[in-house]
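Asks: Each chain is listed here by its residues.
Number of protein chains: 2
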Amino acid sequence: MNTEKHIKTLIIKKPLKLDCGKTIKNFPIAYETYGSLNPKKDNAILVFHALTGDQFVTGINPITNKDGWWSYAVGPDKAIDTNKYFVICSNVLGGCMGSYGPSHIDPSNQNIFGTNFPVITINDMVNAQYNLLDHFGIDKLFSIAGGSMGGMQVLQFISNFPDKSETVIPIATTSSHSAQNIAFNELGRQAITADSDWKNGNYDKNNTIPGKGLAVARMAAHITYLSKKGLQEKFGRKLQEREDLKFGFDADFQIESYLRYQGSVFVERFDANSYLYITRAMDYFDLAKQFKGNLSDAFINSKAKFFIISFTSDWLYPTQENKEIVIALNSAGADVGFVEIKSDKGHDSFLLDVPDFLYALKNFLDKSYTEKKNEE
Amino acid sequence: MNTEKHIKTLIIKKPLKLDCGKTIKNFPIAYETYGSLNPKKDNAILVFHALTGDQFVTGINPITNKDGWWSYAVGPDKAIDTNKYFVICSNVLGGCMGSYGPSHIDPSNQNIFGTNFPVITINDMVNAQYNLLDHFGIDKLFSIAGGSMGGMQVLQFISNFPDKSETVIPIATTSSHSAQNIAFNELGRQAITADSDWKNGNYDKNNTIPGKGLAVARMAAHITYLSKKGLQEKFGRKLQEREDLKFGFDADFQIESYLRYQGSVFVERFDANSYLYITRAMDYFDLAKQFKGNLSDAFINSKAKFFIISFTSDWLYPTQENKEIVIALNSAGADVGFVEIKSDKGHDSFLLDVPDFLYALKNFLDKSYTEKKNEE
Chain F
1 MNTEKHIKTL IIKKPLKLDC GKTIKNFPIA YETYGSLNPK KDNAILVFHA
51 LTGDQFVTGI NPITNKDGWW SYAVGPDKAI DTNKYFVICS NVLGGCMGSY
101 GPSHIDPSNQ NIFGTNFPVI TINDMVNAQY NLLDHFGIDK LFSIAGGSMG
151 GMQVLQFISN FPDKSETVIP IATTSSHSAQ NIAFNELGRQ AITADSDWKN
201 GNYDKNNTIP GKGLAVARMA AHITYLSKKG LQEKFGRKLQ EREDLKFGFD
251 ADFQIESYLR YQGSVFVERF DANSYLYITR AMDYFDLAKQ FKGNLSDAFI
301 NSKAKFFIIS FTSDWLYPTQ ENKEIVIALN SAGADVGFVE IKSDKGHDSF
351 LLDVPDFLYA LKNFLDKSYT EKKNEE
Chain D
1 MNTEKHIKTL IIKKPLKLDC GKTIKNFPIA YETYGSLNPK KDNAILVFHA
51 LTGDQFVTGI NPITNKDGWW SYAVGPDKAI DTNKYFVICS NVLGGCMGSY
101 GPSHIDPSNQ NIFGTNFPVI TINDMVNAQY NLLDHFGIDK LFSIAGGSMG
151 GMQVLQFISN FPDKSETVIP IATTSSHSAQ NIAFNELGRQ AITADSDWKN
201 GNYDKNNTIP GKGLAVARMA AHITYLSKKG LQEKFGRKLQ EREDLKFGFD
251 ADFQIESYLR YQGSVFVERF DANSYLYITR AMDYFDLAKQ FKGNLSDAFI
301 NSKAKFFIIS FTSDWLYPTQ ENKEIVIALN SAGADVGFVE IKSDKGHDSF
351 LLDVPDFLYA LKNFLDKSYT EKKNEE
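So the sequences go chain by chain: F and D. One point on numbering: in this note's numbering, the residue at position 27 of the first sequence is 27, and numbering is uninterrupted. One point on numbering: in this note's numbering, the residue at position 247 of the second sequence is 247, and numbering is uninterrupted.
Next up, chain F with everything else stripped away, as it sits in the complex (with noise of 0.2 Å):
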């Protein structure tokens, strides 16, 4: 597959301190850009993407030849409408899609990394991507949204640049990983390492690729995207293209097949050890902890509006989450709006069709760009 042709990047030549005490310097960033810039540069949103999420927000992702992970918030006329904003994405540091990760050369002895690469983490994502604003010219974003981990470098981004964006839009996302979020990124590196074809993270090396363990970490992370109820909707058990249980080990149900084919896919698409990698910086993310376990601290000094949004079949950064963040940002004093969207779709109702949440989305923008059109 050639993917570079598809892939702009910016070489960060800034030297970068990263959280773990390594500094890096002259790495790529790739992002891509949809809608234009305006002249005055004030119609610029950043979004980031979630774990397994890339730069490629909307349209026909030109790598997989599927649609972009957030087709259904960004495009012409849609929440995040691409006639009047400028959209920033960059695919993560620690990523898979062309920015500096795992899968790169290690300047020092010209192998590729494997585990050599640094562990990263949300705060040193944001503090890479923030280069885009130097690159683009942007004093000030108009907005920076994000779910999922993408909601955590929202978080991150707005607590390190405070004046740097006016609205900020966390969604479906939280302050610091849990202990049940920690184990399921931990099973997910379980499967993954128990893989032989892992080799210590040096499957290039031995031109392998350890799919059989990336494909289980898949399955497990996808079950916690979806909510119970939503499984039951759509697959409860239903049997897959069978009239009656095969007494086997074949995929008997259609949520077998389900699971198996999500897993198989993301192997396609992703490298396991930017999987190690992303699900160690959502780990170790911890807000509260950086200002000596006073959440609020982190947003003190922002002018920023604020508008959070959770769904109420989330169980992986359920609603409760998402209301501490608010709670921090009231206790700061922030321009703050939340809302709780009512879905069944669970955790994933961030990236699907839902009306409800995609019209708030867009009326929170839309509202807060005529006001500071007006004001100016």
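Treat the hints with caution; some may be incorrect.
One copy or two, either will do: identical chains are not told apart, so a pair holds if it fits within one copy or between any two.
[Stated by the list, open to error] Dumping the calculated DSSO-like pairs for lysine-lysine here, alpha-carbon to alpha-carbon at most 30 Å: (1) K246 <-> K205; (2) K234 <-> K323; (3) K22 <-> K238; (4) K205 <-> K17; (5) K292 <-> K41; (6) K22 <-> K40; (7) K229 <-> K342; (8) K303 <-> K40; (9) K66 <-> K40; (10) K164 <-> K303; (11) K22 <-> K305; (12) K323 <-> K342; (13) K305 <-> K373; (14) K199 <-> K164; (15) K140 <-> K205; (16) K8 <-> K289; (17) K66 <-> K22; (18) K289 <-> K229; (19) K199 <-> K246; (20) K229 <-> K323.
Don't read these hints as lab results, they were simulated from the structure.
Given the coordinates of chain F, work out where chain D should sit on it, guided by the hints.
Replies: The following block gives chain D in isolation, referenced to the frame of chain F:
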């Protein structure tokens, strides 16, 4: 490990026709008993174990040298009081603690069965266990009890043999495996079969053990046994014997270390193929389907006294699914009690020291026993 001297078995000579269509005969059922059968033989309680349980209900399990899986509930003066009752428990068909299962020899070719063992069901399990009544000369049990898959066996047993138990105690269970339940089990099976040491189930012949895959399966299941809140309270983001994050992939967090430990100790005591077979039996369980979709018909002939117990924080077999059993029993005109026990310990509550649960269990049994004696 010389396990055989600790394992009592009953050889079932009578042919048993399995749901898959095959017939087995002269097969072993391993069992254990606690307390004494009284002269009238009317004080027996048949306990059914869950997925990874065995016949060693209480006291020290002679194979693992750890406490039996239901030590909190069963023993002298405990909820299931072995001073008063005669407790019988057998390893399920398909298991790996002495009952007929995939690690046994296939009489047709003298090889270890592996995946040539027939796929068994909850119905097959209880039909095999029913032979224990004849063995002990018990005409009618005083009670049948079990949690999780043990509860499924309880429901199937009383449906098959409506007049063979005075009382019936399904705990933290369901009458039909949901899509999410199947999904988690399929995840575990995929983890096992992804292990290159699984060798299509013929690992015995190859002198390998698919230990990494089995450990991942156990970790996945273990997460589902605990509540999000319980995990957060017990582990949260506590670090494992370190002052701060190490920026690596070792277990930084206690929850990671705990899961790894749970995986590794499980591998020492459980057979990977048995895990495949028993999870399959759970996924196939759908009691209503046996009665053309009408669950109450499963109980229509029973004069037994039912007591259903669920736990508030159990998200694997939540109260709602236990209540569906209560509704079906009411609709069948059965004598039924129900209690939802408040606990943060998730599905595992039935195995743990949850005083309200243990009190409710003891109270129901002892009151029912006294009533029975008074009626005589």
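Asks: Each hint should be assessed against the structure and marked as holding or not.
Replies: Quick rundown of the hints versus the structure:
1. K246 <-> K205: between (41 Å within a copy, 26 Å between copies)
2. K234 <-> K323: For K234 and K323, the Cα distance is within 30 Å both inside one copy (29 Å) and across copies (22 Å).
3. K22 <-> K238: between (51 Å within a copy, 25 Å between copies)
4. K205 <-> K17: within (28 Å within a copy, 53 Å between copies)
5. K292 <-> K41: Neither. Shortest intra-copy (36 Å) and inter-copy (65 Å) distances fail the 30 Å Cα cut-off.
6. K22 <-> K40: Neither. Shortest intra-copy (37 Å) and inter-copy (77 Å) distances fail the 30 Å Cα cut-off.
7. K229 <-> K342: both (13 Å within a copy, 22 Å between copies)
8. K303 <-> K40: within (20 Å within a copy, 80 Å between copies)
9. K66 <-> K40: neither (34 Å within a copy, 71 Å between copies)
10. K164 <-> K303: within (10 Å within a copy, 72 Å between copies)
11. K22 <-> K305: Close neither inside one copy (34 Å) nor across copies (67 Å); limit 30 Å.
12. K323 <-> K342: both (15 Å within a copy, 24 Å between copies)
13. K305 <-> K373: For K305 and K373, only the intra-copy Cα distance (15 Å) is at most 30 Å; the inter-copy one is 72 Å.
14. K199 <-> K164: For K199 and K164, neither the intra-copy (43 Å) nor the inter-copy (56 Å) Cα distance is at most 30 Å.
15. K140 <-> K205: neither (43 Å within a copy, 66 Å between copies)
16. K8 <-> K289: neither (35 Å within a copy, 55 Å between copies)
17. K66 <-> K22: neither (36 Å within a copy, 46 Å between copies)
18. K289 <-> K229: Result: close only across copies, 20 Å inter versus 34 Å intra.
19. K199 <-> K246: between (36 Å within a copy, 22 Å between copies)
20. K229 <-> K323: Both, since 23 Å and 16 Å are each at most 30 Å.
When held up to the earlier numbered hints, the structure conflicts with 5, 6, 9, 11, 14, 15, 16 and 17 and fits the remainder.
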